[in-house]
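Colleague: Each chain is listed here by its residues.
There are 4 protein chains.
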Amino acid sequence: MSAPHHRYDFASDNTAPAMPEVMEALAQVNSGYLSSYGEDEICEQAAELIRAMLDADAVVKFAGSGTAANALSLAALAQPFEAVVCHEHCHVATDETGAPGFFGSGLGLITLPGASGRINPNALPSVLARPDDSHWQSAAALSLTNTTEYGTVYREADVAALADPAKAAGLKLHMDGARMANAVAAGFDLKCLPRLGFDIVVLGGAKAGSTPTEAIVILNRDLAHRFGARMKHGGQLTSKARFLAAPWLGMLGEGAWSTRAAHANAMAKRLAALTPFPLTHPVEANAVFVEMDEPTLQRVNAAGWHIYRFIDGSVRFMCSWATTPEAVDEFGAVLKGLV
Amino acid sequence: MSAPHHRYDFASDNTAPAMPEVMEALAQVNSGYLSSYGEDEICEQAAELIRAMLDADAVVKFAGSGTAANALSLAALAQPFEAVVCHEHCHVATDETGAPGFFGSGLGLITLPGASGRINPNALPSVLARPDDSHWQSAAALSLTNTTEYGTVYREADVAALADPAKAAGLKLHMDGARMANAVAAGFDLKCLPRLGFDIVVLGGAKAGSTPTEAIVILNRDLAHRFGARMKHGGQLTSKARFLAAPWLGMLGEGAWSTRAAHANAMAKRLAALTPFPLTHPVEANAVFVEMDEPTLQRVNAAGWHIYRFIDGSVRFMCSWATTPEAVDEFGAVLKGLV
Amino acid sequence: MSAPHHRYDFASDNTAPAMPEVMEALAQVNSGYLSSYGEDEICEQAAELIRAMLDADAVVKFAGSGTAANALSLAALAQPFEAVVCHEHCHVATDETGAPGFFGSGLGLITLPGASGRINPNALPSVLARPDDSHWQSAAALSLTNTTEYGTVYREADVAALADPAKAAGLKLHMDGARMANAVAAGFDLKCLPRLGFDIVVLGGAKAGSTPTEAIVILNRDLAHRFGARMKHGGQLTSKARFLAAPWLGMLGEGAWSTRAAHANAMAKRLAALTPFPLTHPVEANAVFVEMDEPTLQRVNAAGWHIYRFIDGSVRFMCSWATTPEAVDEFGAVLKGLV
Amino acid sequence: MSAPHHRYDFASDNTAPAMPEVMEALAQVNSGYLSSYGEDEICEQAAELIRAMLDADAVVKFAGSGTAANALSLAALAQPFEAVVCHEHCHVATDETGAPGFFGSGLGLITLPGASGRINPNALPSVLARPDDSHWQSAAALSLTNTTEYGTVYREADVAALADPAKAAGLKLHMDGARMANAVAAGFDLKCLPRLGFDIVVLGGAKAGSTPTEAIVILNRDLAHRFGARMKHGGQLTSKARFLAAPWLGMLGEGAWSTRAAHANAMAKRLAALTPFPLTHPVEANAVFVEMDEPTLQRVNAAGWHIYRFIDGSVRFMCSWATTPEAVDEFGAVLKGLV
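Protein chains in written order, with the numbering used here: chain A, 1 to 339; chain B, 1001 to 1339; chain C, 2001 to 2339; chain D, 3001 to 3339.
It should be emphasised that the hints constitute simulated quantities derived from the structure, not laboratory data.
One thing to keep in mind: the hints can contain errors.
What the simulated footprint calls covered on chain A by chain B, stretch by stretch (three residues with Cβ under 8 Å from a Cβ of chain B suffice, anywhere in the stretch; the number is not a length) [to be verified]:
| no. | stretch |
| --- | --- |
| 1 | 18–29 |
| 2 | 33–40 |
| 3 | 61–68 |
| 4 | 168–177 |
So the derived list for chain C, only partly shown, Cβ under 7 Å to chain A, looks like this [unchecked claim]:
| no. | residue |
| --- | --- |
| 5 | Q2045 |
| 6 | A2047 |
| 7 | R2051 |
| 8 | F2081 |
| 9 | S2105 |
| 10 | A2229 |
| 11 | K2232 |
| 12 | H2233 |
| 13 | L2237 |
The model shown is predicted, which means the values in this text are computed figures rather than measured ones.
Idealized CB from N, CA, C, for every residue including glycine.
Just need the whole structure built from these sequences, with the hints factored in.
Modeller: Here's what the structure looks like:
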């Protein structure tokens, strides 16, 4: 097989194009003059859709990347001399090149273990019980990721098992929802987040199938004070903000955000059924993680598929809104041919 | 006249929609899977167009806002305990909510005066001659803005009069080109920037008529080392980077970037000819600045046109690629009716 | 005249040695083992003396430099995307190499004019009235300096004229008291600061005649939360803190802090009476500022006295606890010989 | 036994007073006027002694705390989007409340394992071989600590086994020598550090028996450019710098720095011989680490000795220049009485 360049179909959910609903919304808002920097009616409409989805009176801002959305949020939730508690393999801790420490001016991370990306609730109490001391960064916030870095889903009870004690200990709560569409498609109820006292929730656009946009949903309105200035100061206040808001009109207007995520999840299940390699994590959303030795991985890549090894040693296949059953079957056959 | 909401036609060049060439390019790149985070061929093609335009072997990165592009660049050009020399009214100094100080970790600005936004060359030598001292932030870079905050244009000789002595004194050179398209349309030759030893040039997309994107053109390749990590750390490494690169294919492929800027410049000249108010700055590109008292300004706004007073006390009218002669004439008539 | 090296008697109040009371206190605490990092009884005793002096239930911390004490304080009073209002020539704005921007992660300064280092109260209202906007750093705190950078003294009424409207507008209040001993010696009543609602007051040790130590007096106890961690994170939590606290026992035990400052003030008045050069600022504490042309300044330095020109163009002579009448008279004679 | 307050004899080497040589040196320099901010002859003399000790033409600066000295140094050695490689339990990583991340503006740490505080050389190659990637903070510097956090000593060959490959891979080299006096007393040759290409070495004053002072020894003179401004910006440029320099005259003039450290090391060996608890780390300098269960630790504290459990679960006893054989024997007897 001749491979002029690699196929990125399963490398990430970032490699896919944007869904039609997003492109249509972009075209639709592209007329007339509008107030800039987020003060326009498109931003307001998109915010309203998000508030309705969470059933909460939140302030909603749109950022250009998940890293920025998370880092801005964490900086609002913890002081530079404090720390955020998170999973040891979460995106914030392992895949953001230190952005939380930069936006948070030296803010620390306290990382906890837990199977398949979910924090083990038994690991939390000792962190919460740790006395204040000037010689370390005390926990000021808890950050969860749903779906997790390993494609698993926190159910409401899972979230509560961590959020409740953290909240009781005075911590603020942050949700990295870069792949929240996939969690929702898998049954997670977004409305539990305001109920559980979450302060800021980031909802992912890009991985769900949008052009660049992420929504910062500020449920704790005290934290919204001068948040626009915080964004500008952090290089995240976009002038033509309508183009960050419009994708949400497209994705949420008729529910494409979650129905297309449901498709991505289904494609992952289909691929999981086809792969001859042992699964290393339960397939609960749009990711498939398998055990694969290095020579085999190299053969997959040599066959033209760009795939890589993850932090835990597994090899990851991601599905997206754009993944077709045909591509899954084709890739599944390639995998089968390698064992 | 009933004004359900304000018209933002002349409030800023940020209030306009995106030009058709940009929307078409977005649609065109929206198929297939691509490597993410700037490693795709769309990014490469856009970079190549920009390199050709400057006739320089630059590293080109795409950022989501001008503030971020400038702040990332300045942080690469000066240490936190050093300073950047710039015009006292430039965007970096007055309209970025301290972003250079944030990205630069306390980096300072040394602001200089100069008529209509151009630094007075006579103000520079004393800054360059200032001896190093631990008690102040010594100048490490010079930042120019073209077109300036007052819509005037630095010609090559103007730039050289500042850049040459700064370079000779060991300073790095930065160009904030958020409105460089308008400068080019007014006759500025971009190719002089590599010749004059500029280290980083930011080229504006948004104000030129794009969806959000700015190009960071790193002419000094030593500074490109780990620039991707610098961007990720600063929340500016966009996953689906094709959507930041594609607009440049649309804008530069057939020259729309500068021809549409030429239209904007022409509209400003048309408006300048119509306005009954005294001009406060020469109209050299797409901005018209006039002297207007407060009651009159309030009447303009009451007539439904969102217009505001600028830092120097002038009132500003901006034209863009989307400004029509009809709108100019309509607005001109409104203005005339107020005197 | 042969000058093996310069005399620094009048160059600054930083050039003097430490007063005997400080050296004795250092010797006195130098025995036995003590808890470190500020948890010892020497720190507690010093804090108690300071609380008594201000008649306020403050949390008191000791830092190693005035720059650090101010910068840590300002970072506690304003967010990175906010600004501190201060005099355009105050130490924080002109002589700290950007430290407030560093400790405050890009925090801004809004500088106001005012004769002889005191902010003109008429300049404040427009800053306080400025509406919140994402495009600039809104004022979050007011910082005053007493004595001022020009050796003048804010009286209680002067402070109130600025502090009252600032407090009413929601700003926090900071006092840079690097030379507060001189202000107190000139009649300023420290107890007015808690009454006026000051949040943090920095009291200077070094310039008053101590080995390195400055006291951060946190009057607003909400701000004291994890302040030790803030100091450690900022490199300012000293292990053997007894040596930063002991000087305060020496300086405050019998009142040397202010009586020796009164001597410094008297020496300045004596020098002012002797100098043949016109005074540029009223001599209210321990500084004398005069008008002097460049050739004359060079002759003073050639005569072996290290003296320099200040930001406002004046030449400054500083007196300290250690200044002798004889030195004043000798220097006065040198000055007279030059005109 | 009545315990009015705890005894801190063995809690840390920070709890001891200052050695007589330091107090005498402070008294000796306390006369006359001197240029401030490190430009005086006392600073120069102290620097010269340090240069002689390392046999290197270094720039030497004095800081007020080890945390600041380390953090300033690391910020000079790695960019914010890069990382410093260090031992997982080193002071920089575990006991500085995130100061490296603050001074380094989000700089990362890559922590490696290794017995008793020494990095396992086998853990280093995979870090050095890790390819550059925008999604993580690539290693830019290696930081070693001698003596280590567990009181063990890196010999020259141990240092070379880590420094050589790191240097070959382009990393800068930093030595945290907060307890270097103890390492030298144990046979470590400081002169190997310039030979091995170390860029910055921090030498500890406080733990060696000084009032607050640490020396930043900049061996790579390129890094010394504007280091004074870096210090001022970081709140570490002390006005009356003679008081940070003088202790070094006292400690190094007649060798007290290392001879008194040799005494501390001997006291640790004496205590190690007396303790009935199993040692958890080799006693190579001034620390003794033992295995002790919680009830026993509480009884030690109840007996009036402030002692605490360390990060690895051991209980630590520290000796200092001030530790007497009698105190060791007394404490040893207390320990014996508890088993």
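Colleague: Each hint should be assessed against the structure and marked as holding or not.
Modeller: Each hint, compared with the structure:
| no. | hint | verdict |
| --- | --- | --- |
| 1 | 18–29 | holds (count 5) |
| 2 | 33–40 | holds (count 5) |
| 3 | 61–68 | holds (count 6) |
| 4 | 168–177 | violated (count 0) |
| 5 | Q2045 | 20 Å, violated |
| 6 | A2047 | 15 Å, violated |
| 7 | R2051 | 20 Å, violated |
| 8 | F2081 | 4 Å, holds |
| 9 | S2105 | 4 Å, holds |
| 10 | A2229 | 4 Å, holds |
| 11 | K2232 | 5 Å, holds |
| 12 | H2233 | 4 Å, holds |
| 13 | L2237 | 6 Å, holds |
Hint compliance for this structure: hints 4, 5, 6, 7 are broken, all remaining hints hold.
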